[in-house]
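Protein chains in written order, with the working numbering: chain A, 1 to 360; chain B, 1001 to 1276; chain C, 2001 to 2282.
Treat the hints loosely; a few may be bogus.
Cross-link-like lysine to aspartate or glutamate pairs, in silico, DMTMM-like; alpha carbons within 25 Å at most [claimed, not checked]: (1) C/2098 x A/177; (2) B/1099 x C/2276; (3) B/1159 x C/2099; (4) A/140 x A/71; (5) A/92 x A/43; (6) A/92 x C/2183; (7) B/1159 x C/2175; (8) C/2007 x C/2099; (9) A/33 x C/2175; (10) C/2007 x B/1161; (11) A/92 x A/71; (12) A/92 x A/183; (13) C/2277 x B/1092.
By construction, these hints were calculated from the structure, which means they are not laboratory data.
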Amino acid sequence: MAHPSTTSPVATAPDKVPKTLLSVRSVTKRFGKTRVLQELSLDIAEGDFLSVLGESGSGKTTLLRLIAGFEACSSGEIWMSGERLDVLPPYKRNVNTVFQHYALFPHLSVFDNVSYGLRARGTQSSEIKSRVDDVLAMVKMSAYAQSRPANISGGQQQRVALARALVNRPKLLLLDEPLSALDANLRRQMQLELKALQRDVGIAFLFVTHDQEEAMVMSDRIALLHAGELEQVATPEEIYRRPATAYAAQFIGQTNLLRAYVSAGIVECGEMRWPTADTQGPACYSLRPECIVLASDLQEDTGAVRFSARVVDQVFQGAAELWELECPSGIRLLMKTSARREGSETKFAFLVKDVVRVRA
Amino acid sequence: MSSTIETKARGLAGYAGLVFAFLYLPIIALIVYSFNGGGVGGFPPRNLTFDWYRQLWLDSALWDSVVNSLIVALCAMVISIGIGLPTALALDRVSFPGKAIFRRLVLLPLILPGIITGLSLLMMVVLVGLKLSLLTVIVGHGTALIAVATTEIFAGLQKADRAQEEASLDLGANYWQTFWRVTLPNLKLPIIGSALLIFTLSMDEIAVSFFLIGRDNTLPLEIWSRLRRGMTPEINAVSTIIFTFSLAMIVLWYRLRTRSGEDVSDLVSAATEEIL
Amino acid sequence: MFSRAYKFAVSLPPIAWVLLFMLLPYALLFLYSFWTVTPAQQIAHQWNLQNYAELVRVPVYMEVLFRSIRIAATVTLLALLLAFPLAYYVSFYAGARKELLYQLVIVPLWVSYLVRAYAWKTILGSDGVLNTLLQYLHITKQPQAFLLYSPFAVVLTLTHIYTPFAFLPIYAAMEHIPRRLVEASHDLGASPMQTFWRVIVPLTIPGVIAGATFSFVLSLGDFLAPLLVGGPSGIMISNIVVSLFGAAYNWPLGAAISACMMVLVVGLLFATERLEKRWRVA
């Protein structure tokens, strides 16, 4: 079975295939005896908003630190724009980081924080002033140029951290869970702002997060990391509709994992049957709860799989309801329905095209 | 990582090594020469011998002073902790007029040169009409070292869980019972730690003792008076022993501190902030 | 939460002790400075400012005071030059051996002052280790006299003693710097050298001020090292005080000098406290 490939960037006009900016090639990272990243390969295109998604311990922060230069690869290479990146120290890379807890310099004003990188490179002070003013306006922090980090709120510190990184016009911006310290409302607001900012500025963003909703909202592509390996790299829609593995299916959104058996072109799962081109043998399938409908609601008959079940539990979720179904064979399924119905239904269905085979 | 970082680190490491050498070579020389047959000085050391240590063993005046020092150190320990404990408690929990000045005053002996503390106590002793003796030395050490106990115990109080005391009161124990059964046990480590430190500092103390000493000498002052008369290798020997002993005490103190999970540098920065 | 009885019991003994054994003695020191000593070697409780006038009038006091300040300042400077890079190394580059190295720096602090000063005496003497070593290596032909019984020896000894004192607050300040800040600085394009000057040094200044204050104040008031290794040319202000309380028997004058020293020290403490507060950021 093929390893989930690094998919080439999708959803762009055919004549404008973006160039690859950063190439992580078979990178492995060990800390002592622990292997945190295993032969990882990943490409980032120019202008891409790529989220690296994973739970804690998946290696996503390590990957970010390898690209930033704070750690060295145990094996493998990292290339950027046709040159080897991983042999350079962090201060020679055209990459900037927005740290999780901002890491603003407490002894410097907002202005001095933002201009830090420019000053380190010996930029003219007139140019410094104009660039810093511009970027502060972009993050809406112009009024606070002379304040100290201790005197501004967390959300404001985050903007300053962003400005400090962006003003250097890096080719790639790394963001290490920058929104995790913000409260829910501010978070949502910042997600949209960041996305808009990225589009305006056109810099490639590598955004590390453990929040799958956040990744879905913001990214052009998602790289799902699990125990140091890439589960899948795809657009949010593709990763949701066509998860490559059971882990991907379960990590993003909710799903039903059906353990089935394929024989002679037919998938058998409990009392459900549907045709398939997959090879013989045991197989695992993912079926999203919203893809299960009441049999009576089904428009067409072709490509539908019907089955009987009884409603065991109903959970009200506001706009939708979550039903737990139990089939005669004992299989339990989650179903999402929008209308409020009595739980007396017994006949359900789903479309074959909504069932996705996943690697277990 | 680039080579400039490596060379810089090597240069820095070399410098650090030089500083360590500067700090330790004199002491090592001292120890080595305590075994030197030719006495103090001369290079290279020859005739390694235990003679000086043997002489030391038979020196009764020296041993008397050791006993005196021990008495002083133990009594000073009691005083310093006996006053230092309520001081820390007061600083932590009670507000009273003049508290800021009180705090500075308590910490002053740590940073004032010993001569000032010693002289001022001497004047008071004379005013009161007391004769100079080990007792006056004890008072001197006890007073000067209160700050050590206060700093450590205060740090311990800051880390302690106030809710435990509240729980004790809530369950019906009165203030004294709470103090003995809850507060004090929680302060066990800081108290023992500061006791060790005070003991060691008192055993080595000269500046304050210089002015408050009577007929009976403490160990450092005994050594001092011999030094004024001339150097003997015996002094090397006793210095080596003092060094080893202090070393053991400090390692012990350090183990205790880090066992309680505390960072010693935290303690230092807390003390620094208090003083300045 | 605490009853009045508890509060009284807890604060009264310390306050009483401090009043009796600290405030009163220090005050006495001041009082004495305004008295005189009669020709019959008695202390006369006559209030006057003669002692202070004498300090200003007779040149030797000022000379020795300035020499003491020079020595103390030199010691402070040297101690900082030694302690700062050492602290930087141990804090940022020592890795797994950090704890051990830290302990190694602290140990000399608690090992008898006398032992360490004596060690230098044996090393620097004409027959001492250094001179005989230099002759053995044929670097010099005769013992170098300036090594011992000179201001040089005093500075050397005091530097040796107070470097760990300076190290402690500097190291503590460095430990408080979050490592993320160093990474952020590198990330933004600053080399380790630039990071050192722009991030680490500014954030360490409060520690440096504290270390410098300790070293300066304690060196200034030191009288043991000069007695051991200073010789006549290495006399410091506290030695004069000691002799005034000893053979020279003029307690009021000695008290006056001590009072001046005390005012100087307390004034310095206030000044550095303000300075430190201005530099303290986090």
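To see whether the hints hold, each was checked on the structure:
The straight-line distance between the Cα atoms of residue 2098 of chain C and residue 177 of chain A is roughly 31 Å, outside the 25 Å bound, and the hint therefore fails. Between residue 1099 of chain B and residue 2276 of chain C, the direct Cα distance comes to roughly 21 Å. Compliance with the 25 Å bound is thereby established for this hinted pair. Our distance criterion of 25 Å between C-alpha atoms is met by residue 1159 of chain B and residue 2099 of chain C, whose separation comes to about 22 Å. A hinted pair counts as satisfied when its Cα atoms are at most 25 Å apart, and residue 140 of chain A with residue 71 of chain A does not qualify at roughly 33 Å.
Annotation: proposed proximity of residue 92 of chain A to residue 43 of chain A holds, straight-line Cα distance about 21 Å (limit 25 Å). A threshold of 25 Å between alpha carbons decides the hint, and for residue 92 of chain A with residue 2183 of chain C the separation of about 13 Å falls inside it, so the pair holds. Between residue 1159 of chain B and residue 2175 of chain C the CA atoms are separated by roughly 19 Å; this keeps the pair inside 25 Å, and the hint holds. Distance hint between residue 2007 of chain C and residue 2099 of chain C is unfulfilled; the C-alpha atoms sit about 40 Å from each other, more than 25 Å.
At most 25 Å may separate the alpha-carbon atoms for a hinted pair to count; residue 33 of chain A and residue 2175 of chain C exceed this at roughly 28 Å. For the suggested pair residue 2007 of chain C and residue 1161 of chain B, the alpha carbons sit about 19 Å apart, so the restraint of at most 25 Å is met. At most 25 Å may separate the alpha-carbon atoms for a hinted pair to count; residue 92 of chain A and residue 71 of chain A meet this at roughly 14 Å. This hinted pair does not check out: residue 92 of chain A and residue 183 of chain A have alpha carbons roughly 35 Å apart, beyond 25 Å.
For the hint linking residue 2277 of chain C to residue 1092 of chain B, the alpha-carbon distance of about 22 Å falls within 25 Å, and the restraint holds.
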